Amino acid sequence: NAGVTQTPKFQVLKTGQSMTLQCAQDMNHEYMSWYRQDPGMGLRLIHYSVGAGITDQGEVPNGYNVSRSTTEDFPLRLLSAAPSQTSVYFCASSYNSGNTIYFGEGSWLTVV
Amino acid sequence: AQSVTQLDSQVPVFEEAPVELRCNYSSSVSVYLFWYVQYPNQGLQLLLKYLSGSTLVESINGFEAEFNKSQTSFHLRKPSVHISDTAEYFCAVSKTTQGGSEKLVFGKGTKLTVNP
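Heads up: the protein sequence lines correspond to chains A and B, in order. Each residue of the first sequence is one higher than the one before, counting from 1 in our numbering. Each residue of the second sequence is one higher than the one before, counting from 1 in our numbering.
Hints are computed from structural coordinates only; laboratory data are not their basis. Since we're looking at a predicted model, the values are computed, not measured. Wrong hints could be hidden among the right ones.
Unchecked claim - Restricting the straight-line Cα-Cα distance to at most 25 Å, the calculated cross-link-like pairs of lysine to aspartate or glutamate (DMTMM-like) are: (1) 108/B - 38/A; (2) 49/B - 38/A; (3) 49/B - 30/A; (4) 69/B - 58/B; (5) 108/B - 105/A; (6) 14/A - 72/A; (7) 108/B - 59/A; (8) 69/B - 16/B; (9) 49/B - 105/A; (10) 111/B - 38/A; (11) 111/B - 26/A; (12) 108/B - 56/A; (13) 111/B - 30/A; (14) 14/A - 30/A; (15) 49/B - 26/A; (16) 69/B - 38/A.
To be verified - Only part of the chain B face toward chain A is listed, based on derived beta-carbon distances under 10 Å: (17) 6; (18) 12; (19) 44; (20) 77; (21) 109; (22) 113.
To be verified - Okay, the calculated beta carbon distance ranges per label pair: (23) 54/A - 115/B: 24 to 34 Å; (24) 95/A - 53/B: 14 to 24 Å; (25) 84/B - 3/A: 21 to 31 Å; (26) 110/A - 55/B: 37 to 47 Å; (27) 59/A - 55/B: 27 to 37 Å; (28) 105/A - 80/B: 27 to 37 Å; (29) 22/A - 72/B: 17 to 27 Å; (30) 71/B - 110/A: 36 to 46 Å; (31) 84/B - 57/A: 33 to 43 Å; (32) 69/B - 75/A: 32 to 42 Å; (33) 65/A - 58/B: 40 to 50 Å; (34) 82/B - 38/A: 20 to 30 Å; (35) 69/B - 38/A: 23 to 33 Å.
Each residue gets a CB set at the ideal place from its N, CA and C atoms; glycine is no exception.
Work out the full structure: start from the sequences and follow the hints.
Written out as structure tokens, the structure is:
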């Protein structure tokens, strides 16, 4: 098992550009989610999914879109990047309620 | 809604000293409790978790945490730390209900620095 794989690991964007952060898991997990980590803020939930075709907003969803067309993949789209979206992004997955949530290695995004 | 407060943003200790990282939470419903560790420039790794049963939970590398429902706390302890324990530690909670347990609410983190 590769676990939770995120790409790219590092990215620099210009304000207004769009991009997609990819997340894939090979553990047949139903639950997937995206968090952002900012200094002194801990991690905050952006969007989450409880299965293919089902997504919902977390605490800080503005400026981000997600879709879940397959169980394995959960991409995060930045529609028009802003400097406030400079952050480290983590994708996570778990099998079911109460099960361990596994995190990817993170994607470092800088918006200039 | 749930919230998590980690009372110390930074904790410096000497090698082989004991350490306690404090975590308090607020929730109107039952929660699962977690401690995650993040080493520099890496992702988060689960250190230990409380789901039910014994209120004292242990990790394989000597950490332990005790769930105290009356004080709504889940403090992390280790009797003797090593240099390699230097990392940032995050306390987190999730609801126990279906449709809630996949959403973690994190504290702001505690940076543990172990000095020789």
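Each hint, compared with the structure:
1. 108/B - 38/A: 9 Å, holds
2. 49/B - 38/A: Cα-Cα ~24 Å, so holds.
3. 49/B - 30/A: 20 Å, holds
4. 69/B - 58/B: Within the cut-off at roughly 17 Å; holds.
5. 108/B - 105/A: Holds, because 19 Å separates the two Cα atoms, which is no more than 25 Å.
6. 14/A - 72/A: 29 Å, violated
7. 108/B - 59/A: 15 Å, holds
8. 69/B - 16/B: The given pair, whose Cα atoms are some 30 Å apart, is violated under the 25 Å limit.
9. 49/B - 105/A: 20 Å, holds
10. 111/B - 38/A: 14 Å, holds
11. 111/B - 26/A: 32 Å, violated
12. 108/B - 56/A: 23 Å, holds
13. 111/B - 30/A: With Cα atoms ~32 Å apart, residue 111/B and residue 30/A exceed 25 Å; violated.
14. 14/A - 30/A: 34 Å, violated
15. 49/B - 26/A: Cα-Cα ~23 Å, so holds.
16. 69/B - 38/A: With a Cα-Cα distance of about 30 Å, the restraint between residue 69/B and residue 38/A is violated, given a limit of 25 Å.
17. 6: Holds - the Cβ of residue 6/B comes within 10 Å of chain A, reaching about 8 Å at its closest.
18. 12: Status violated, d = 17 Å.
19. 44: 4 Å, holds
20. 77: Constraint on residue 77/B not satisfied, violated at 21 Å.
21. 109: With a closest approach of 5 Å, the residue 109/B hint holds.
22. 113: 16 Å, violated
23. 54/A - 115/B: 24 to 34 Å: 48 Å, violated
24. 95/A - 53/B: 14 to 24 Å: 20 Å, holds
25. 84/B - 3/A: 21 to 31 Å: 22 Å, holds
26. 110/A - 55/B: 37 to 47 Å: Given a distance of about 43 Å, which is inside 37 to 47 Å, the answer is holds.
27. 59/A - 55/B: 27 to 37 Å: Between residue 59/A and residue 55/B, where Cβ atoms are some 28 Å apart, the hint holds.
28. 105/A - 80/B: 27 to 37 Å: At roughly 30 Å between Cβ atoms, residue 80/B and residue 105/A fall inside 27 to 37 Å, so the hint holds.
29. 22/A - 72/B: 17 to 27 Å: Since the Cβ atoms of residue 22/A and residue 72/B sit about 38 Å apart, the hinted range of 17 to 27 Å is violated.
30. 71/B - 110/A: 36 to 46 Å: 41 Å, holds
31. 84/B - 57/A: 33 to 43 Å: Given about 38 Å between the Cβ atoms, the range holds.
32. 69/B - 75/A: 32 to 42 Å: 39 Å Cβ-Cβ, so the 32 to 42 Å window holds.
33. 65/A - 58/B: 40 to 50 Å: 41 Å, holds
34. 82/B - 38/A: 20 to 30 Å: This hint holds: roughly 29 Å between Cβ atoms.
35. 69/B - 38/A: 23 to 33 Å: Roughly 31 Å apart at Cβ, these two residues keep to the hinted range, so it holds.
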